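Q: Each chain is listed here by its residues.
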Amino acid sequence: MRWLWIDCITEHEEGKRLVAIKNVSLAEDVLHDHVVQGKTIMPFSLMIEGMAQTAGILVGSTSRFKEKVILAKISKASLDFDVTAGETIRYDATIDRIDQAGASTSGTIDRRCASGEAWERVGRVELLFSHIDNNMAGTEFPAHNFVFSANFKMVLETAGLASLAEN
Amino acid sequence: MSRDAIFEKIQEVLDDALGVDEDEVTPNASLTADLGAESIDFLDIVFRIEKTFDFKISQGELFPENLTDNPDWVADGKLTDAGLAMLKERMTHVDFASIEDGDRSISKIGDLITVNSLVNFVEIKLAG
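First to last, the sequence lines map onto chains A and B.
Its first residue numbered 1, the first sequence is counted upward by one per residue in my numbering.
Its first residue numbered 1001, the second sequence is counted upward by one per residue in my numbering.
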């Protein structure tokens, strides 16, 4: 099973934008390995992964998940604030360019503290995805779509977007 | 747009895509051999050039792709005469002189894509 770093999709504009949230919990072991000034924090690398999953679903949805969408490059990542247990992360991803070979996306990461309502900007991430069956080298990959597995479809179903995954 | 202006914008594109300093981006610098570009960087560069100059680039138009799919173009890991002729016809922005009588290994083809190649390509597209 693939490790999901988003909890649910909250907004979707087909072919353009996808928003997902992640509730950060002390129940996650990984937090206990990342302690700054006595506070457990969400590792930046996993926030980039969360954005990659959000943007990856957005890119995949444009082909009804027929393409194998692989994160190929972190073009730019700037994360300026820590996120700790009890807070919520919001990933807001937009497609900048997409074609047969792949897609580029940009997005913002925000946080909301447990007792607050306002979102604060944590940073921005730009990513590049490859549609690997159309890679420049012509390398062949297995026919089945190993990227968008059953648990990704579960996230789509929870958000009422299951039809996006139908062939 | 003047060639100098195109060159300056290409410098910015490569600075962003490859994380290189603008002074490393000289006209004859090879994207792979000198600036460290990998295959996925080519897609990044295509997207950034499209955005910067506001035109679309078809797959395989700027960089050679899937050459090995055709045995008439590549044999024993080297570009054939037919393969070279095809590339020269399709990719007029690239200078193939150095491989006419030299090493035609397929792994070396990427080295031919220089900063000048990109400037030539944009110039041709804008003249379009």
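Read the hints as simulated data drawn from the structure, not as lab findings.
None of the values given here were measured: they were computed from a predicted structure.
Every residue gets a Cβ at the ideal spot worked out from N, C-alpha and C, and that includes glycine.
Careful, some of the hints might be misleading.
Restricting the straight-line Cα-Cα distance to at most 20 Å, the calculated cross-link-like pairs of lysine to any residue (SDA-like) are [said to hold, decoys possible]:
no.: 1; chain 1: A; residue 1: LYS76; chain 2: B; residue 2: GLY1019
no.: 2; chain 1: B; residue 1: LYS1125; chain 2: A; residue 2: ARG112
no.: 3; chain 1: A; residue 1: LYS76; chain 2: B; residue 2: ASP1069
no.: 4; chain 1: B; residue 1: LYS1051; chain 2: B; residue 2: ASP1072
no.: 5; chain 1: B; residue 1: LYS1051; chain 2: A; residue 2: ALA162
no.: 6; chain 1: A; residue 1: LYS73; chain 2: B; residue 2: ASP1015
Chain A regions said to be covered by chain B (calculated; three or more residues, Cβ under 8 Å) [unchecked claim]:
no.: 7; segment: 53 to 60
no.: 8; segment: 90 to 100
Q: It remains to establish, for every hint, whether it holds in the given structure.
A: Going through the hints against the structure:
1. Distance hint between A/LYS76 and B/GLY1019 is fulfilled; the C-alpha atoms sit about 10 Å from each other, no more than 20 Å.
2. This hinted pair does not check out: B/LYS1125 and A/ARG112 have alpha carbons roughly 47 Å apart, beyond 20 Å.
3. Taking the CA atoms of A/LYS76 and B/ASP1069, the gap is about 33 Å. The hint is violated against a cut of 20 Å.
4. Between B/LYS1051 and B/ASP1072, the direct Cα distance comes to roughly 35 Å. Violation of the 20 Å bound is thereby established for this hinted pair.
5. For the suggested pair B/LYS1051 and A/ALA162, the alpha carbons sit about 33 Å apart, so the restraint of at most 20 Å is broken.
6. Note on A/LYS73 and B/ASP1015: the hinted pairing holds, with a Cα-Cα distance of about 15 Å set against a maximum of 20 Å.
7. Evaluation of the coverage hint for the segment 53 to 60 of chain A: breached, as 0 residues show C-beta separations to chain B shorter than 8 Å, against a requirement of three.
8. Judged by the Cβ-Cβ criterion of 8 Å, the segment 90 to 100 of chain A is covered by chain B as claimed, because 4 of its residues qualify and three suffice.
The earlier numbered hints that this structure contradicts are 2, 3, 4, 5, 7.
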